[in-house]
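Protein chains in written order, with the working numbering: chain A, 1 to 68; chain B, 1001 to 1179.
To be clear, the hints were calculated from the coordinates, so they are not data collected in a lab.
Note that this is a predicted model, so its numbers are computed, not measured.
Relax, there's no trap hidden among the hints.
Mimicking BS3-like on lysine-lysine, the simulated pairs with C-alpha atoms at most 27 Å apart in a straight line are:
hint, chain 1, residue 1, chain 2, residue 2
1, B, K1163, A, K20
2, B, K1152, A, K20
3, B, K1163, B, K1152
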Amino acid sequence: MADPPRSPDTQPHTTPRWVKVFGIIAAVVILLLVIMLMTRGPGGHGPSRHTGGLGRHTLPASLTDDGV
Amino acid sequence: MRLPPRLRRFVLTAHVTASVGWLGAVACFLALAIIGVTSQDAPTVRGAYLVMEPAAWYVLVPLAVASLLTGLVQSLGTTWGLFRHYWVLFKLLINVIATIVLLSYMETFRFLAAMAADPNADLSQVRNPSPMLHAALALLLLLVATVLAVYKPRGMTGYGRRKQQRRTELPRQRMASRP
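From just these sequences and the hints, can you work out the full model?
Spelled out as structure tokens, the structure:
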């Protein structure tokens, strides 16, 4: 956020091209994220979603009920 | 509500400090994440994942929240407003989304730290590319926010245009209604 160095009230009344480009990119990214989350199944945004990394992962004892 | 000039400068300084500090902290996390994935030294790999969780709680989260709060105060306390200009709106969205993702990712940091602390876990189980991916994306988002803040590209929202029209019409109406 910023200090206004120029008057914010003297701007043309059209939607600039950069806003349209940003909007399209944001929509595509959000769509991709939603698809990724949905393909990982329900509850896919917990630690278990990272178990497909560089090696096979199992929950350490400190994070399971038995380990408490 | 307009902030007095001194207070506005103070909030602006706090906002820039928190936002740029957040960007720098994310860059450090990216370096840690790359070390975790590429280093051949086992204690270094485990150490990288162990330090991520406390560092995120003590540095990333406070800076993210401070950046969001000071940004809100700064925009609402100046003529820019919060929903009047596209660049402010995009910055707000970036800030809110990045903060939500960070807070939801804290659980993953805890998981990664627990895995790194487990002596029975193999190094291939400890290594995880997820922090690298998240840090790289966060860095990109925060860089976009910084560029928006510096360049302030033109463009008013519909709400901003209506507010502007109302502000220019009111004095005219007052002048016309005078006897």
